[in-house]
Structure formats: structure tokens, C-alpha cells
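J.: One-letter residues, chain by chain:
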Amino acid sequence: MTYSVEIKQLDLAFGAVKVLQGLDLNINEGEFLVLLGSSGCGKSTLLNCIAGLLEITDGQIYIKGENVTWAEPSERGIGMVFQSYALYPQMTVKGNLSFGLKNAKVPKDEIEKRVARAAEILQIGPLLDRKPGALSGGQRQRVAIGRALVRDVDVFLFDEPLSNLDAKLRVDLRVELKRLHNQLENTMIYVTHDQIEAMTLADRIAIMKGGQIMQLASPDEIYNRPRNLYVADFIGSPSMNFIEGHLEGGSFKVDDMVLPMDGYDFAAPQTADRPATIGIRPEHVVTGELVPNAPLQFTVDVDLVEPMGSDTLVYAKLGQHPFRIRMDGQAKVTVGETIAIGVDPSRASLFDKATEDRL
Amino acid sequence: MAVTDTGQTGAGAKKPSPLFKNLTAKIAAIPMIMTALVVFIGCTLWTIYHSFTKSRLLPAPEKWVGLENYERLWSENRWIVSIENLAIYGACSLILSLTIGFILAALLDRKIRFENTIRTIILYPFALSFVVTGLVWQWILNPQLGLQNVVRSWGWETFTFDPINNADIVIYGILIAGIWQGSGFVMVLLLAGMRGIDEDVWKASRVEGIPAWKTYIFIVIPMMRPVFVTALVIISAGIIKVYDLVVAQTSGGPGIASEVPAKYVIEKMFTSQNLGLGFAASTMMLLSVLVVLIPWAYLEFGGKKNG
Amino acid sequence: MKLTTKLLAATAMVAASSASAVELEVTHWWTSGGEAAAVSEFAKAFNATEHTWVDGAIAGSGGTARPIIISRILGGDPMHATQLNHGRQAEELVEAGLMLDLTDVAEAEGWADVVNPSRLLDSCTLDGKVYCVPVNIHSPQWLWLSHAAYEKAGVDVPADWFEFVDSADALKEAGVVPLAMGQQSWQTNLAFGAIMVAVGGTDLYLDVLTNKNAEAAASPEMTKVFEAFAAARLLSEGSNVQDWNQATNLVITGQAGGQIHGDWAQGEFQVAEQVAGTDYTCLPGLGVNEIIATGGDAFYFPKSDDPEITAAQKELASLMISREVQVAFNLKKGSLPIRGDVDLSAANDCMKKGLAILAAGNVLPDGVNAFSADTQGQIDDLTVEFWNDTSITVEDAQARYVDIIEDAD
Amino acid sequence: MVDATVNAQSGPRGPKPKRVISSTNIIIYGTLFVVCLYYLLPLYVMIVTSLKGMPEIRLGNIFGPPVEVTFEPWVKAWSEACTGINCEGLSRGFWNSVWILVPSVIISIAIASVNGYALANWRFKGSEVFFTILIFGAFIPYQVMIYPIVIILRESGEGITWFLRLFNEDASAFRLMGSLSGLVIVHTIFGMPILTLLFRNYFTSVPEELFKAARVDGAGFWGIYFRIMLPMSLPIFVVAMILQVTGIWNDFLFGVIYTKPETYPMTVQLNNIVNSVQGVKEYNVNMAATLLTGLVPLVIYFASGKLFVRGIAAGAVKG
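Protein chains in written order, with the numbering used here: chain A, 34 to 392; chain B, 2 to 308; chain C, 23 to 431; chain D, 115 to 433.
Pulled out of the complex, with its shape left as it was, chain A reads as follows:
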């Protein structure tokens, strides 16, 4: 199988500080891969390494099967879109789009053709003669995407391209990006700290922490079967409820409760007894009339209620353990009340307390 981008044993260190360590990553042809993580996890750094904007300490990078480890950014067949758009302020939109092509000595009529095509795809035709200063944020980002587009490359790199936009525009452009990907079928590597963007756009998500990839999987897999405690905690809002206890004979024991984990898909068939942590997503808790159908049932004391319109977030106590529940927006809950809840163990996650890996 030919990978679009292949990264082998990538090391990057600034002096004594190791930013990326022994990182391997294979990206498929036409794949939309999102690098997700909190700030400082190395996701942008990795992207810059792929682009050739940072010189790596060790390892190899292949793009389209060609070793580009030490090649100039412009020779790698990539296009890049930046968070701050990075449009050349003194050039017109057209100038911005054609700058790279001129550097590559592309013939004039070819430049015209490609610019026209990009302008059509991104609907920025009327803006071609304006300077970036006269554009709105959304228009600027479109131009920035266009700049990558005209290069006619195989791999697009996006470095948090939507972070500087306001919330509404962000959603619009997100949708457009997805459409663009469907249309172009290029490989896209997309860096973000926003999990909604990651979930909605990605074919696969790579969750990064401390310069390493924690989990590389489809959004669904990441959401439902997080490989470790970090990923489980990172994905999902409000985040997962965690309760520490023991796994004993296929049941999770906490305090004086015993929760039989019937239907839970263990990673290894025979899982030995050990201290463990159970994770339950607040939105996977059922209430009201659905409770009787749930395999496991509890009662919790309501501490605080946050109505959010579509949902209501309930902060409750399960025994001494804080427990968040996401209920329907219509649900009527009052502070101090005790309510019944139900949980399906097959939708929960179990982690080894020591290694924090999924059990």
C-alpha cells in the first residue's frame, strides 16, 4: 500500500528539550487526518516538520513515496494554510494566489488558469483585485486556502485554520472544508485543538500528548473506545465521569457497590483482577422512564443544575463520587432532589489504574 505521507521514527529536539520522540505516522491517500491535542502537545510542530519548516533531529519523512526529509518546503508537494491566514499584505488576492507559482516559474497562462479555478471553487472571484486588508476574516481564510489550492499539490496542511474566526463563521467554513475535501479528494492533515472540528472533519484523528500519538483511529472509535484514560478524558464535552475502584471477576467494585460488566467488550478476553477506573460519558446516562430498562441502576443526589437549552447538565453525587449527567433540555430537576439513573456497561470504558490503558 502506498501511503500519502509516511513518517518514520521522527525525533525533534530543541537543545535538551525533546519535542517529538520516535514518532511514526502513516497517512493514507485522500485521507483527512486531524492532529488533535491541547497546546504544547507537539501537533503544530509535527505539521511544521512535515512541511519542512522545521528541521528534524532524526527520522525520515516520505511524501508520495519520496524521501523529503531534507527537501525544501516548496519541493515537497504540499500546500499549507495558517491560523493567521499569513496573506502577503502588500499583494492583491491574485498576487497572493500566484506568488508561489511565479516562484516555481509556472507559465503565465497556466497561472491564470489555476487562479481562476481556485477562485471558482472558493467563490472568491470578485475579490481577486483586492488587498487582504480589505477582506473579512472568512474571505481571508478562503484566500489562504486558495493559495494552497493553486499549487495543485497532493497534501494539504492546515494549522488551526479556523481558530481566528468567530464561532458562527467557523461552523460555516468547517462545512465548506469538508465539502472541499470531498470534491478534491486530496490528503489533508489538519491541526486543531477543537474536538468538534476533529470529530466532524476527520477520517482519522491522531490524539497527541507530549510529542507522542496517544491514539490514532476514526472519530467513532476514539469517542466510543478511547485507548487510554487521557484520550477518554480529552474527548467529549462535558468530559467523562471517572470512578476509581477494582475490577474483580468481571465486575467493577467501588465502595460497597458491585457493577457486573456484562456486555463490555474487553480488550483481552481474560482480564485479571486489578485496581481500575471506570469511565461513563454523561450523555450515556439515562433518566426518567428509561431507567428501568437499563442494565445498571442507581440513585444520585443533585448538587447543581445547568440548563443549556438543548440539554441540561446535572452535577450530582453518586455516593461520594461527583457524577455529571447530561439530560434532555426539557427535564425538570431541582437541587437537592434524588433521582434515579441508568447506565449500560457496554457503553462504559474501563481503564487499568496503573497503566491508564483501556481494559
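Because the hints were derived from the structure by calculation, they are not lab data. Just so it is clear, the structure is predicted and the values come from calculations on it, not from any experiment. Idealized CB from N, CA, C, for every residue including glycine.
Below, computed lysine-lysine pairings styled on DSBU-like, alpha-carbon distance capped at 35 Å:
no., chain 1, residue 1, chain 2, residue 2
1, A, Lys127, B, Lys27
2, B, Lys27, A, Lys164
3, C, Lys66, D, Lys374
4, C, Lys374, C, Lys234
5, B, Lys16, A, Lys51
6, D, Lys374, C, Lys325
7, B, Lys16, A, Lys97
8, B, Lys15, A, Lys135
9, A, Lys135, B, Lys22
Now the stretches of chain C that chain B is said to cover, found in silico as 3 or more residues with beta-carbon under 8 Å:
no., region
10, 87-100
11, 202-208
12, 394-403
13, 409-417
Starting from the known structure of chain A, arrange chains B, C and D on it as the hints suggest.
T.: Showing chains B, C and D alone in chain A's frame:
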């Protein structure tokens, strides 16, 4: 993994030699590197070395005499006078220009009208050369036709102010000119620092009913410490270099009453044809700069690493 | 005589045939009215050849000009000819091989026979080779007196330094500054030298300057010199001028009674169209002893690798020492010619006084030639500080003077 | 520091005086008025003195306006005043200053901007060390370096001559010492620390992503410099120009040491004209000459306004 095999032949497979990394940038930086190494380090070391030799009209690196030039330097009255003048001029001009600069900045910061005009007026002397400044003040302070004469003609017959010919006060005449030229600049620096302070500080002090002058002294000035330090370093570096002003205004006179080290160096090197002594004197100047510079650099750069 | 003329013509012809017209840049610090008039005599004479004189006047005193001249010579951008005080100051330049050897011209023209006093040529000679052309004789020890000022004060014009000191009170009462003095340090040093000869006598002067005898510098005779110098500094209050010619101007206009200054002050009187004896009086040796020190200006010719320029330089050298140019130059400059064989009937009274002394051989070396620039600078500093700061006592000043002489070279 | 001065334009922060006429206001405006008088006085004195005849000056009041306005002193200062037997006035110095100024400004800014750009965007091993040395160099008293530079200029001059004669045996000697090109080099060297700092800080403030985008677009060291950075940096080039023009115009020390009388810059010639006197000091001519010398920086100052403020604040370390 056939990919890997073909990949090895790619243009980017070979790591470039570190010497040729950023080669263009290195070539472009050659003037800077040469200036740093040859002029700033090389020339300085050359001068320091030759200050230990008996160089007269021509550099004589082979005639090593140890500290002889330094002994002679510190036994020379003219050098002592130069140092004293520099100390008086330096201390006064530091204190005065910082005080005047701060007061002016504070006044300008009080949302007054014509702020731009006033700032333009206060700052224009800074655009002028020291030679121009020195000559103008030489003329204004001229005892026969200048200020003294005018005040006397107003009826104050005994008024005496002659900082051109009176050896005791001549350095203050230069000080007046120096302050006139430089205080506007200090004001601009401090004003910039003042504007950098969060406006909420003022709101808070007003809510608490603290009078403006107290706010300035106990809150604003401590907050402006970095700006003051910068101003201090800049003024000090300028003071040590003071030369043209003295040459134009008094030529070091009357007698040797307004001599300064920078002038001493030039004259020993070129007029008295005693290069060794001139080098020794300039090395002392360098030393005095370092005395100011090193603590500052330590605070400025050493502090950042720790913080 | 005839021989010299022939030789001169011969050299000129050699020069003319070998060299096409070149421009020679000549630097000097003669910028006052009289000086400028004198230097233009050189320029005129040189321009009369096929060459051109490019004037590089440097304003200010030698103190300003010398560094510029020397740094240019050392910096590889020498002028073609330059004024320098001969003697110690140029020694190192000559030793470093930067100056043109003029021995062939000097021998061809027999400079050794015509230059009087011969010491002047000796100062130009190093290891038997001649490196400079002396152009005039400076005699610093003159007292210039304003008749107008004495008229105002209602006293007779004094005949010597001591009478001058006695007359000072009368001058002060009449609102006249008794002694004009420029602020530059070399001027106070000059006055100091003059008073030293007048008060201390020639033996003391020679002992200190020639032998660098520190004991003589510490002697009671020297104390007297310092006392006289201390008395003189009180007479100059109110003469707040920088340049010597401004001080001379105070004498010319009668604002000051007198000035101790070199014979070149003569040029200023001349420019102001004053007549010696009626408008002003000059007293060589301050009127005390009929003796003058003979320092002087000389021209050096920095080496050039262009043979045409070298030829033109030698031509200029021989021109400067030639009889006609010597007369024209020195009449304007107010200084004495360096050759004894010229006719100076056009000279005024003051110059004639000087010529007479010179002819009698009553000459002394000048500090400028006797001391290194470094020592000279130290004495400059000491005298100017002493002159301007009355809190310095005679004892202190003398002690410092002894230190300087001890280390002198 | 540049950033700090930008703040200077962001508006006053102090408490606002309440009423238009209050005792506080009277004190503030009164003080400022007196201060302005003090700062304006010398300019005023220069102007009125330069317009008076000598008899009027001897009589009278240095502060009094001219009874009879004459432009004679200006003419004399410009084209007749003497130093030595050259009586060409200041005009020669003016043109010398121009000939020193133009190449010095262009070369020093060109070199320093490339330095600053390399330091900000193309760091290499040791670049920060050289930069630190450069900044420290700004504080070294010139006196320490003056003499060795004489030697460097002489030797390089001889080196160039030797080189030229490899090709042409008759090539005339090339001189750096005492020539305009020598002084241009000196100004370039001593302008370098502050200008490099100025440009480095500016280029560092340019978003790094812009630089990255250009690299992805295939632009190299010079491509990015000329096509991206230069067009964006006009203001900082203007600031640097103001800084250099005033600085070089006002220079005295280098002018005295590294030139010869024919190539003296205006400041040196001014000092010579004023301090070398034939007979009586002509104060009116002196003041006209002084004003003429100060005119170029003054015009630049008044014309450039806030950019000048930025420039000097940035150039402060130059001292």
C-alpha cells in the same frame, strides 16, 4: 514497503552539511560578523593591549611597559580634572534629565491640549548636533553680549553668570546645554513608559482617593522601573562619550576646567603623540562603561532567564 | 651665489623636464589674517610654475591640525606637503620612513650654507639626511604693547616686562585689561617660556630645556619665574578670548595693554595697518634681554610612490627656501627668514629688531623643538591650568613642573 | 523599545483635570509655557542674531528682535566665510555632508536590514552571539576603536590597491583613509548595532507564519526579503532613514578624524568657521552658519513628527 526503497533516491534524502545550512543567510551576515569580530572585539582588544606599551606616535607592540601608562594617567592632573568633570556632569545630568524628563512627561500625560506641539518643542533640540548646541549656548552665555549683559541691562547690575570663562562653573554651562539637548528625549522615553501602564491603575487609585502625586511616586514610578533603567543606561553611555559639545562650547577651557575624558583621549593620541597614554585613558573609559553596562545586562537578560 | 642660482635653475629644469603638471595638496594651520596672507605667497609662487597648489588649511591651532595631518599620513592618505613644527614631533614619522628624503635638493642648493641659524636645518636632519624645509623663524618671546591703551591710562609705554607689570594698575583703572591672553594652552606655555627667559635668564632656560635638568627646574631661580608667572596671570582677568589673534586684536584695538606672543602677531598688526613705533611697540625678549628663541615652522613632504609628485615636491621644497619667496612670505608673516642672505629692507621696525638679534647670534632653542609633543603637552596643561586657576600655588606648580622635566624626553 | 514608543501615541493616561480654568490647570499650563520658552529660546536667539548687523549686536540685547533685518550674515555664512584661505563658506561642507550622507545612509540601511532579517528569520548557529557582541559594541566608547580603525582603513586601502594592480599595473592607489568611502564605511560600522536591532525587532514582529507561507511558496532568502519583507517594512525603513540622516549629519568626531579638510562635513566646518577668527568674531555670521547646519535635521524632525520619535527611541542606544 517498496516505497522505502524508491524513497531513498529522493532529492531530500540526504542531510545537507551543517556548514551549508542557511548558507545565504550566513553570507548575508558577513558584514555583521566582521563588524562584531574585527571592529568591536578586535579593535578593542588591540587598544587594550597597546595601552600597556610605550607607543608614542606609532603603535609599538614590542615595547611592553606594563602599567606605566596607567600610573602616569592617574598622576596627571588633567585626567583627574576630566574625571571629576565627568562625574559632576554625569551625576547632574542624570539626576536633572531624569527629574525634568519625568516631570514633563507627567505634565504632558495629564490630558492637556497642544500635547503634540509642546512635545515637538521640547524634543527639537535632540535633532541638532552637539556642535550646534555648543555654539548656540556659547553665544547665549557670552558674558559681554549674552544673558549676563541682558540681565544687567534690566537693572540687576551685579548679576554675574559667566559659565564660559569662570572655571568654577564652566561645567555647569555645558550641563545647561546638555540638558537642553537631551531632556526632551528622556521625556519621550518616560512618557512612552507611562503610557504603557494600565489605565486601570489610575482608576483604582482614584476610587481609593489617592492624590495624583502620591500615585506617581508610589505606584507609577515603581511600575516604570524598566523604562528608568533603560533611560539610565542610555544617558550614561551618552555621558561617557561627551566630546563634541565641549569642543564646540568651551574647547575644554578656561584652562583645563572643562576637560572631559573623551577629549583627553583624542588629544593624547593625536596631539601629544602619546598613543599608549591615550589607549590607557580610552581603556579606562571602556571600563567605566562596563561598570554601568554589566549590571544592567545582568538585570535585563540574566533576570529573564531566571524569571 | 651664482653657483646656487645655477643649481637652483638646474634642479628646476630637471624637475620640469621630468614632471608634467601636478596638483600638490599642502596642509597647514595658518588661518589667521596675517598667516593666510603669508601662505598665499607660497601658493602664488608655486602656481607660477606649471603645478598647482591645493590649499589644505586646517583651522584652529597646531593642536587641532597636527592630529589631522598625522592621522592622514599614518592612515595611508598623506598630503603632498605639510607644515609641522620640526624637531621632536616629526621624528617618529621620519623614522618610520614616511617622509621624503630631501638631502639631494639640500646638497645641490647648499642649504647648509644659507640657513641661519644652522640649528634650524639640524632640526630637519636625522642621521645626516634632510627631511624638511625650515621656512621661517619663530621667536616667541615678544611683548606687544598698545599705544592707544597707554594713552588712555595716561602712562608711558613701558620698555620692559618689569615696567609693564608696574604699569598694570594704571591700565586697570582706565578700564583696560593689562595683559591679553588667549585661552588655548599653548599660548600660556609660550608666555611661560618668555617669562622664563626674561626672569630666569638664559642659563636656566638652556639648562632646563636642553639638559632636561630637574634640579634647575627645582631651583630658586625657577621659583622666581613661577612667581612672575603667577603675578602675570592676575593681569589677564577679563581677556576671555580663545585664539591668539583675538588676543592680539584686543591689543590692536586698545582694549588690552599688551600681549606676550610670538613674532607672528606682527602679521595681525600689519593687516590692521598699524605702524610699529607709533601705534604699537614690540619688545623682543620682553625687553629684558635682547635674545630670542628660534623655533619655527617647517614643511615636510610625505613620501609618494608617484615619481611626478616626488619631483614636484622637491620643486616646492626648493621654492620655499628660495630667496624671493622667503622675503615675500616672511614679510607677510611677520616672522624672520631662515636665510641670512636676503634683503629685508622692506621689513618694519619689529622685524628689523629681530633680524639684528639674529645677526648677533643671540638665539635659544624653542620648547617646541626641545621637547617631545608629549612633554610639551604636559607643560601646556600645567601652565594653562595654573594661569586659569589662581588657587594653585607657585610651589605646587613648580613641583609638578619638576616632575614633568624629570620624565621629559 | 519601539513598541514602547508606539504606546506614546496611544493617548494620555493621567487623570484629567476637571475644569478648564482651575489652579491645577494654571500651574500645569504655566509650567509648560515656561518650559517651552526655555527650549525655544536658543532657536529664537539663533534666528534673531543671524538677522542682525554686527553694530546692532555689539550695542544690544541678545534677545531683542533685529531693528534692521539683514540677510548678509546668511549669505556670508553660506558662501563667503573663511577657514584659512578657502573662503567658500559652509556650502562646501554642506555638499560634503550630502556626499557622505547619501551613500552612508543607503549602505548602512541596506546592510543592517539584511542583518536584522537574517537574525529574525534565518537564525544560524552563532548568530545570536554575533548579535550580542554587536549590541555591546554600541556602548563601547568610540575612542577605544578610533585608532585601530585608522590602521584597518589604511591596510584595506592598500589591500584594494594591490588587488587592483593585479589587473592594471597603473591603477592609482586606492585610499580609504581620509576619503569619503572610508567615512562611509565608518558610518556603516557604527550605525550597524542600532539599525540591526531596529530591523531585527521589526522583522521579529512580522508574523512568523507569513515567512513560513512564503517558504512553502518556494521563495528563498532574497525572495522573501525583497518580495515579502521589504514591501511590508516601509515605515521602519523611514524610521531608520531619519535616524541615520540626523545621526550622520550631526556627526563631528568621525568627520574630524577620518576626513581631510576638503571633505570635512558641515559640522566640522561649522566649528572651524566659528572658532577660527579673523579679527573680530562675527556672531551674526556664526549664528547663521549654526542655523544652516542645524537646518537639515530640523526640517527632517519637523516633517517626520512621530516617526522621528520612534526613530530616536529606537536609536537611543547609539548614544
